[in-house]
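Undergrad: Sequence lines, in order, name chains A and B. Residue 160 in the numbering used here sits at position 160 of the first sequence, and the numbers go up by one each step. Residue 470 in the numbering used here sits at position 185 of the second sequence, and the numbers go up by one each step.
Calculated directly from the structure, the hints in this document are not laboratory data. What you are looking at is a predicted structure, and each value in this text was computed from that prediction instead of being measured. In this text, a Cβ means the ideal position worked out from N, Cα and C, and glycines have one as well. Among the hints, erroneous ones may be present.
Stretch-level coverage of chain B by chain A, calculated; a stretch enters the list once three of its residues show a Cβ under 8 Å from a Cβ in chain A [said to hold, decoys possible]: (1) 315-323; (2) 464-476; (3) 528-535.
Here are the computed distance ranges between Cβ atoms for each label pair [said to hold, decoys possible]: (4) A:P144 with B:I392: 19 to 29 Å; (5) A:K105 with B:M568: 25 to 35 Å; (6) B:N396 with A:V12: 17 to 27 Å; (7) B:I326 with A:T11: 52 to 62 Å; (8) B:I392 with A:F121: 29 to 39 Å; (9) B:P532 with A:N2: 55 to 65 Å.
Covered stretches of chain A (in silico footprint by chain B; criterion: 3 or more residues with CB under 8 Å from a CB of chain B, positions within the stretch not fixed) [as the list claims (entries may be wrong)]: (10) 13-24; (11) 110-123; (12) 161-168; (13) 259-265.
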Amino acid sequence: MNYTQRQKIGTVVKYIILILVGFVMIYPLIWMVGATFKTNNEIFSSLSPFTAHPTLDGYKNAMNDYGGKINLFKSMVNTYSYVLPKVLFTVISCTLTAYGFGRFKFVGRNALFSILMATLFLPQVVMNVPQFILYNSFGWVDSPIYLPLIIPSLFAFDTYFVFMLIQFLRGIPRELDEAATIDGCNAFQTLILVICPMLKPAIVSCALFQFMWSSNDYMGPLLYVKDPTRYPATIFVKLSMDADTGFDWNRVLAVSLISIIPSLVVFFCAQNQFIDGISAGSVKG
Amino acid sequence: MASKNVNEPSKFKLFCRKNFGFLFILVWLVGFLIFRLYPFISSFVYSFSDFHLFNGIKNWGLMNYQEIFSNKKIMSSLGITFSYAFITVPLKLVFALFIAYILNYKIKGVNFFRTAYYIPSILGGSVAIAVLWKALFRDEGLINAIIRAFGGQGVNWLSDPDYALFIISLLRVWQFGSAMVLFLAALKGVPQDLYEAATIDGASKARQFFSITVPLITPVVFYNLVTQLCQAFQEFNGPYIITQGGPRGATTLFSLLIYNRAFKMNEMGMASAMAWVLFVIVMVLSLIAFLSQKFWVYYGDEK
Numbered sequence: 001m002n003y004t005q006r007q008k009i010g011t012v013v014k015y016i017i018l019i020l021v022g023f024v025m026i027y028p029l030i031w032m033v034g035a036t037f038k039t040n041n042e043i044f045s046s047l048s049p050f051t052a053h054p055t056l057d058g059y060k061n062a063m064n065d066y067g068g069k070i071n072l073f074k075s076m077v078n079t080y081s082y083v084l085p086k087v088l089f090t091v092i093s094c095t096l097t098a099y100g101f102g103r104f105k106f107v108g109r110n111a112l113f114s115i116l117m118a119t120l121f122l123p124q125v126v127m128n129v130p131q132f133i134l135y136n137s138f139g140w141v142d143s144p145i146y147l148p149l150i151i152p153s154l155f156a157f158d159t160y161f162v163f164m165l166i167q168f169l170r171g172i173p174r175e176l177d178e179a180a181t182i183d184g185c186n187a188f189q190t191l192i193l194v195i196c197p198m199l200k201p202a203i204v205s206c207a208l209f210q211f212m213w214s215s216n217d218y219m220g221p222l223l224y225v226k227d228p229t230r231y232p233a234t235i236f237v238k239l240s241m242d243a244d245t246g247f248d249w250n251r252v253l254a255v256s257l258i259s260i261i262p263s264l265v266v267f268f269c270a271q272n273q274f275i276d277g278i279s280a281g282s283v284k285g
Numbered sequence: 286m287a288s289k290n291v292n293e294p295s296k297f298k299l300f301c302r303k304n305f306g307f308l309f310i311l312v313w314l315v316g317f318l319i320f321r322l323y324p325f326i327s328s329f330v331y332s333f334s335d336f337h338l339f340n341g342i343k344n345w346g347l348m349n350y351q352e353i354f355s356n357k358k359i360m361s362s363l364g365i366t367f368s369y370a371f372i373t374v375p376l377k378l379v380f381a382l383f384i385a386y387i388l389n390y391k392i393k394g395v396n397f398f399r400t401a402y403y404i405p406s407i408l409g410g411s412v413a414i415a416v417l418w419k420a421l422f423r424d425e426g427l428i429n430a431i432i433r434a435f436g437g438q439g440v441n442w443l444s445d446p447d448y449a450l451f452i453i454s455l456l457r458v459w460q461f462g463s464a465m466v467l468f469l470a471a472l473k474g475v476p477q478d479l480y481e482a483a484t485i486d487g488a489s490k491a492r493q494f495f496s497i498t499v500p501l502i503t504p505v506v507f508y509n510l511v512t513q514l515c516q517a518f519q520e521f522n523g524p525y526i527i528t529q530g531g532p533r534g535a536t537t538l539f540s541l542l543i544y545n546r547a548f549k550m551n552e553m554g555m556a557s558a559m560a561w562v563l564f565v566i567v568m569v570l571s572l573i574a575f576l577s578q579k580f581w582v583y584y585g586d587e588k
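Chain A extracted, bound-state conformation (with noise of 0.2 Å):
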C-alpha cells in the first residue's frame, strides 16, 4: 500500500469517526423532537424518530396550565422580562469596566484587576447562601421584577464577560484612541464613537452568552421567584416533569422543545460569533 492510499483510508476513517460520534451526540435531539410527534405508546417502543401515526397530542397538551395559574407561554414571557435587561445591563457595564481596566492607568489598578480576575475562579455554589441572605434583607425575594435576578447584571456581575472584552480590546490598536483625542474626543466619545464599533464583534458575543446562560439558568429562579404566576421557562419545564408520573412523555418533551427554541432560534442565527466569542476569551490571553 502506498502513501496517498493510506492517505485516503485515514481520511476516509476520519470522517466516519466524525459521522458517527456526531450522529451519537446529536441523535437524541432529533429523538427528541419526533417523540414529540408520537403518541405515548409508541415514544418508548420504536428507536426511529419518525412516526406512521404522527399526532399533535403532546403539543396540545403542553398548553395545559400549571395550576392555573402559569402556563408554558407565560413562563417564557416570563423568562425574557428578566433575560433581555440583564443582557442588556451586562453589555453596558461590563464594556466600561473592560475600557477602564483596559485603557487606562490609575491609582490600584493593578490589584483591582488581579481581583477581577480572582472572582472568575470563585464558585457560584460559595456565594448562593450568602446572596441569597442578602437579598433576603433587601426584600428582593420574590420581587414582582426579579431583582435578585437582574440587578446584579447592572454592576458587571459576570465578570467573565468583562475578561473576554479586555481581550478583545487589547487587539484594537491605541493609535484610534490617540487620534480621536486629537479630534477633541473625551474619553466616553472616545468609547462611544471609537471603541464601540471596535468592538462590536466582541460586545455581540458576550450579548448571546449572556442570553443563553440566563435563559437556561435554573438557580437564580429556583431561589428568588416563588410566586407560580412569575415562573420562568426552566421552573415550568422541571415542573411539568414532576407534575407526571411517566405516562405523558410527550407533553413533557414537547414542553422541553418549546422552551428551547428561542435559544435554537438564536443559536443558528448566531453560530460563528459563538464560536469566535469562546476562543476570543481564553486562547489570545
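For chain A, the structure is supplied; the task is to place chain B on it using the hints.
TA: Relative to chain A, chain B alone:
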C-alpha cells in the same frame, strides 16, 4: 490655594485627571463590594454560627465544621463530588481533544461538524436537556429500548447506584463542544513546519502528537482543566433534576446538600460552612494546577 498660579491645576485636580479611568470601573467596584465581597466575608462569619433563616443566631463556634467532618452522609457526598469531577473532567477533555484533533486535518465541512458538536454545549445546561436525559436513561427509556432491540437486557441506569453517577457525568461529557472549540483554535496555532520537520526525521503520527502537539497546546489544556474542574465541583442542575440525588444518595453531589441545608432546612450557618469547605477544595485544586504549571505548561513567549 489663592496664592497659586491660576493657570496651574491644583494637585487634587491633577490627581483626578491622572486617575480619570477609575470612573469607568466604578460600577464594577461597587457591585463587587456589595454583591461579592460582603456576601463572601459574611458567609465566612456565618459559618461559625447556627444561623437559621427564621430563628436567627443563638450560638457561635466550630460546631458546623465538626458536624461536616463527622457526618458520614456529608463526607460520602464529598467523595461522590470528587468521583463525579474525576470522571467528568478527564473524559470531557479527552473527547474534546480527540475530535478537535481530527477536525484539524483538512476536513471538508469543518464548520458544519464544529457547529453540530457545539450544540450540546450551548443547550446542555438547560432544564429541557436534563428532562431529555431522563427520557433517554429511564428504565423504559430510549437507551434500554435500543439495548433490547439488539437482544440485550435493559439496565436500570438511573435507579442503580452503580450507574446513576456515571449517567449524570455523561450529561456533562456530552457537552464537550466548548472545550473542543478551544482545542481546535489552539491546534490551528501549532506551526505546520514543526510537523514537516518531524516527518522528515521519521517521527510517527502518534509520536508527533505527544511530542509536538500536546506540549504546544498545554496552555489551553490548562485553561480547560481549571475551568472544567471549577464547573464540575459546582454541578447542580443535572442531579437535582434527573435523580434528585438518588438512588440511595448515589448522586448527592455536595452542591445538592448545600442547597437542601440552606433552602429546605433554612440552616444558613451550616450551609455557609459547607460552602466554605467546597470553596477551599476548589481553591486548593486550582492552586495545585497553577503551581504545577511550570512543570508541564509551555508558554511560547517565555524568556
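Undergrad: Hints first: check each against the structure and report whether it holds.
TA: Hint-by-hint comparison with the structure:
1. Check result for the stretch 315-323 of chain B against chain A: holds, 7 residues qualifying (beta carbon to beta carbon below 8 Å, three or more required).
2. By the rule of at least three residues with a Cβ nearer than 8 Å to a Cβ of chain A, the coverage given for the stretch 464-476 of chain B holds, with 5 such residues.
3. Remark: the stretch 528-535 of chain B is not confirmed as covered by chain A, as 0 of its residues place a Cβ nearer than 8 Å to a Cβ of that chain, below the required three.
4. A hinted range of 19 to 29 Å is violated for the C-beta pair P144 (chain A) and I392 (chain B), which are about 52 Å apart.
5. Restraint check, K105 (chain A) to M568 (chain B): a C-beta distance of roughly 30 Å satisfies the suggested window 25 to 35 Å.
6. Between N396 (chain B) and V12 (chain A) the beta carbon distance is about 20 Å. The supplied range of 17 to 27 Å therefore holds.
7. For the pair I326 (chain B) and T11 (chain A), the beta carbons lie near 58 Å from each other, so the given range of 52 to 62 Å is met.
8. Between I392 (chain B) and F121 (chain A) the CB atoms are about 35 Å apart, so this pair conforms to the stated range of 29 to 39 Å.
9. Distance hint check for P532 (chain B) and N2 (chain A): the Cβ-Cβ separation is about 56 Å, which falls inside the suggested range of 55 to 65 Å.
10. Restraint check on the stretch 13-24 of chain A versus chain B: 6 residues with Cβ-Cβ distances below 8 Å, three needed, restraint holds.
11. Beta-carbon proximity to chain B at under 8 Å applies to 7 residues in the stretch 110-123 of chain A; the threshold of 3 is reached and the given coverage holds.
12. With 1 residues having a Cβ less than 8 Å from any Cβ of chain B, the stretch 161-168 of chain A misses the three-residue criterion, and the hint is violated.
13. Counting residues of the stretch 259-265 of chain A whose CB lies closer than 8 Å to any CB of chain B gives 4, which reaches the minimum of 3, so the coverage claim holds.
Going through the hint list in order, the structure does not satisfy hints 3, 4 and 12.
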